[in-house]
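Participant: The whole structure should be built from the sequences, with the hints applied where relevant.
Here is how the chains run, residue by residue.
There are 2 protein chains.
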Amino acid sequence: MNFSRRVTEMQESPIRKLVPFAQAAKANGKHVYHLNIGQPDIETPTSFMDSIRNFDEKVLAYSLSQGMPELIDSIIQYYKKYDMHYEQDEILITNGGSEALLFSIIAVADAGDEVLVPEPFYTNYNGFSSAVDVNVAPITCKAEEGFHLPSKAFIEESINPKTKAIILSNPGNPTGVVYTKEEIQILADLAKEYNLYIIADEVYREFVYDGLDYTSFGNIKEIEDRVIIVDSVSKRYSACGARIGSIASKNKELIKQILKLCQGRLCVPTLEQVGSVELYKTPDSYFKEVNAEYQKRRDIVYTALNEIPGVLCKKPTGAFYVVAKLPVDNAEKFVTWMLKDFDVDGATVMLAPAEGFYATPGLGKDEARIAYILNEDDLKKAMYTLKIALENYPNKTL
Amino acid sequence: MNFSRRVTEMQESPIRKLVPFAQAAKANGKHVYHLNIGQPDIETPTSFMDSIRNFDEKVLAYSLSQGMPELIDSIIQYYKKYDMHYEQDEILITNGGSEALLFSIIAVADAGDEVLVPEPFYTNYNGFSSAVDVNVAPITCKAEEGFHLPSKAFIEESINPKTKAIILSNPGNPTGVVYTKEEIQILADLAKEYNLYIIADEVYREFVYDGLDYTSFGNIKEIEDRVIIVDSVSKRYSACGARIGSIASKNKELIKQILKLCQGRLCVPTLEQVGSVELYKTPDSYFKEVNAEYQKRRDIVYTALNEIPGVLCKKPTGAFYVVAKLPVDNAEKFVTWMLKDFDVDGATVMLAPAEGFYATPGLGKDEARIAYILNEDDLKKAMYTLKIALENYPNKTL
Numbered sequence: 279m280n281f282s283r284r285v286t287e288m289q290e291s292p293i294r295k296l297v298p299f300a301q302a303a304k305a306n307g308k309h310v311y312h313l314n315i316g317q318p319d320i321e322t323p324t325s326f327m328d329s330i331r332n333f334d335e336k337v338l339a340y341s342l343s344q345g346m347p348e349l350i351d352s353i354i355q356y357y358k359k360y361d362m363h364y365e366q367d368e369i370l371i372t373n374g375g376s377e378a379l380l381f382s383i384i385a386v387a388d389a390g391d392e393v394l395v396p397e398p399f400y401t402n403y404n405g406f407s408s409a410v411d412v413n414v415a416p417i418t419c420k421a422e423e424g425f426h427l428p429s430k431a432f433i434e435e436s437i438n439p440k441t442k443a444i445i446l447s448n449p450g451n452p453t454g455v456v457y458t459k460e461e462i463q464i465l466a467d468l469a470k471e472y473n474l475y476i477i478a479d480e481v482y483r484e485f486v487y488d489g490l491d492y493t494s495f496g497n498i499k500e501i502e503d504r505v506i507i508v509d510s511v512s513k514r515y516s517a518c519g520a521r522i523g524s525i526a527s528k529n530k531e532l533i534k535q536i537l538k539l540c541q542g543r544l545c546v547p548t549l550e551q552v553g554s555v556e557l558y559k560t561p562d563s564y565f566k567e568v569n570a571e572y573q574k575r576r577d578i579v580y581t582a583l584n585e586i587p588g589v590l591c592k593k594p595t596g597a598f599y600v601v602a603k604l605p606v607d608n609a610e611k612f613v614t615w616m617l618k619d620f621d622v623d624g625a626t627v628m629l630a631p632a633e634g635f636y637a638t639p640g641l642g643k644d645e646a647r648i649a650y651i652l653n654e655d656d657l658k659k660a661m662y663t664l665k666i667a668l669e670n671y672p673n674k675t676l
Numbered sequence: 279m280n281f282s283r284r285v286t287e288m289q290e291s292p293i294r295k296l297v298p299f300a301q302a303a304k305a306n307g308k309h310v311y312h313l314n315i316g317q318p319d320i321e322t323p324t325s326f327m328d329s330i331r332n333f334d335e336k337v338l339a340y341s342l343s344q345g346m347p348e349l350i351d352s353i354i355q356y357y358k359k360y361d362m363h364y365e366q367d368e369i370l371i372t373n374g375g376s377e378a379l380l381f382s383i384i385a386v387a388d389a390g391d392e393v394l395v396p397e398p399f400y401t402n403y404n405g406f407s408s409a410v411d412v413n414v415a416p417i418t419c420k421a422e423e424g425f426h427l428p429s430k431a432f433i434e435e436s437i438n439p440k441t442k443a444i445i446l447s448n449p450g451n452p453t454g455v456v457y458t459k460e461e462i463q464i465l466a467d468l469a470k471e472y473n474l475y476i477i478a479d480e481v482y483r484e485f486v487y488d489g490l491d492y493t494s495f496g497n498i499k500e501i502e503d504r505v506i507i508v509d510s511v512s513k514r515y516s517a518c519g520a521r522i523g524s525i526a527s528k529n530k531e532l533i534k535q536i537l538k539l540c541q542g543r544l545c546v547p548t549l550e551q552v553g554s555v556e557l558y559k560t561p562d563s564y565f566k567e568v569n570a571e572y573q574k575r576r577d578i579v580y581t582a583l584n585e586i587p588g589v590l591c592k593k594p595t596g597a598f599y600v601v602a603k604l605p606v607d608n609a610e611k612f613v614t615w616m617l618k619d620f621d622v623d624g625a626t627v628m629l630a631p632a633e634g635f636y637a638t639p640g641l642g643k644d645e646a647r648i649a650y651i652l653n654e655d656d657l658k659k660a661m662y663t664l665k666i667a668l669e670n671y672p673n674k675t676l
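Residue numbers (the numbering used here), protein chains in the order written: chain A, 279 to 676; chain B, 279 to 676.
Hints were generated in silico from the structure; no laboratory data involved. There could be a bad hint or two in this list.
As the list claims (entries may be wrong) - With a straight-line cut-off of 27 angstroms between C-alpha atoms, the simulated DSSO-like cross-links for lysine-lysine are: (1) A/Lys534 x B/Lys304; (2) A/Lys295 x B/Lys530; (3) A/Lys643 x A/Lys592; (4) A/Lys534 x B/Lys618; (5) A/Lys659 x A/Lys674; (6) A/Lys534 x B/Lys530; (7) B/Lys295 x A/Lys530; (8) B/Lys611 x A/Lys534; (9) A/Lys559 x B/Lys336; (10) B/Lys336 x A/Lys308; (11) B/Lys499 x B/Lys470; (12) B/Lys534 x A/Lys618; (13) A/Lys336 x B/Lys559; (14) A/Lys304 x A/Lys658; (15) A/Lys336 x B/Lys658; (16) A/Lys304 x A/Lys559.
If you're wondering where the values come from, they're calculated on a predicted model, not measured in any experiment.
Facilitator: Below you can see the structure in the form of structure tokens.
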């Protein structure tokens, strides 16, 4: 039996092929510090389960395709704190940020069209695009520049009549970059000049460190009709398993078009929406605490990386990731070696090789993403283990 | 700003444009009997909420992309009762039957390919297909024949090298048809001869009346590598708001390909899976009760329809729908008239005009779908109201 070209060509998760090595390591009694995944260890606010436990409808019926009005209202109130102003008919609730991205891509690009994406990028941008025959055109960003954007002229070279949108995450997964106001403005100018949408994945909006200013695309009034804000409760409230995301846009006609896609899948789960109404009411003190915790972890990781000879890594300022250039021949081989042939006192480390986060062939081979989602103690041990691993790896380049 | 061709051309829900008329009727104090929607009134088994209330993980983490092993196991056990035998790596949990359909279509058809669908069909087959640039080629079925399939030779005429799959619901939404073993065998033979997949939407599997035999595509061993079974807890356990569906196929490589799409959207909500594990353990006595209730309702609707002069409708034997040919110029106009200009003792009826369930232009204009999802008393009153409406409609054709 044949499969479609689009599904066969779809990239597998770059982390997934290393999972069997991690499982084997654990089966052999090795402890594996998982710095490879984006699953936070922070507790989900209890308001989520509390409100779900109180749900007592006898029939678990379909909810509205657009989403529960109470949840949309809760999100409207949340956005106001960031000087982003949306109305009820400018927001759609989706199955996670994932569906928000997929539907946005379908709505702005036809088969054969292109989307511009700064690389390294969240792998699924490529996955969703190729599933619906849209091509990703990468804008290469460099570790040496902390993965900030290249010049306007450089980006411009990648734009052609097939280009329909720029997709980016800010703060960035996998890089931890937070774009400056100037960078946001450059993209806004390009969007206007070349008639592009901006699909702004801002699910890490609160995860910005060092007191840095954060500019949302929802704050750039002059291009509000071409901005699609993608959001999610997953990282914001450590509720990855809820799968509640959203699309917000001042372009009401766009929302109407995407609503047709929402109607096709009928609705998003009722209970998870009930819980998320409360999540979006979580007091700001929660973010302060979580933020302080992540900033501390970021410092541990960044400091440790900079003490390892040959590692290149500018200080990341957002999300809970960093991409570091390692003094190794090949990061995937290095991670495989750590899992198979290395340990310090029975423990080893798993990172996500960064090659899969690039669309340009050959890039990122000596880079890896580190997610700082472990507690302080474990994180310190993990970074120490990584240091020793880099000293002992037989194919190091230093 | 422009939108993609595929989203702008996507059909809106055929029921949705009548909703404002229903809202206006209610605002004017009219009671509206909703026979237009597929939201059952049966209570959801309490085991669903009970197990969710007991969920006490501190972090609501991502679950596996394939789905929770416990839920997959629960579904495996459920299938065994129907002599359908699946293994853990032959089932994927999806966001409702909707996502199961969308992912199946993406996996077997590329942009420009075709899927054969008996019409009238569940509108979203068309919606999902067009969203991913797949064309629906209808196999026209007729009210006069109870919407059973035409001859093998007739179906064959619609097959061409672009045809990749046959999609159908059995029991049928919107028609209530249950295909005979012979009809299933004809489709199986065609699938084999022309190298097609069969995407079998069997979400109404238990809703079969009159003690009729039911043949699942999961029982046709000779084509097991080309069969994709789509299922859902929505109708089966009256849990439409849970959005838990599944894909089952003996074609392990196909499951692996679709798993890549599942990985792209990370996972299905954790809590809803926890609840669904229990739903799939619901004792068979539940189906017996529910079945008896629906059969009683089916009898009320069918008897009432046959007593109305000019109505054509063969006895439906499955799901909770029937498509009837009405003695009116245009079913949409008729339903609009009922909502705007008609009532019996302050009550009126809403049906789903059937034109939107057809892909062939012009078909179904004088047909409507009736969903029997009201209790006995209300259903009797609704059918009486419909009878009076047909007597009084100014543009009747009889």
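Participant: Does the structure break any of the earlier hints, and which numbers would those be?
Facilitator: Violated hints (numbers, rising): 6, 16; every other hint is consistent with the structure.
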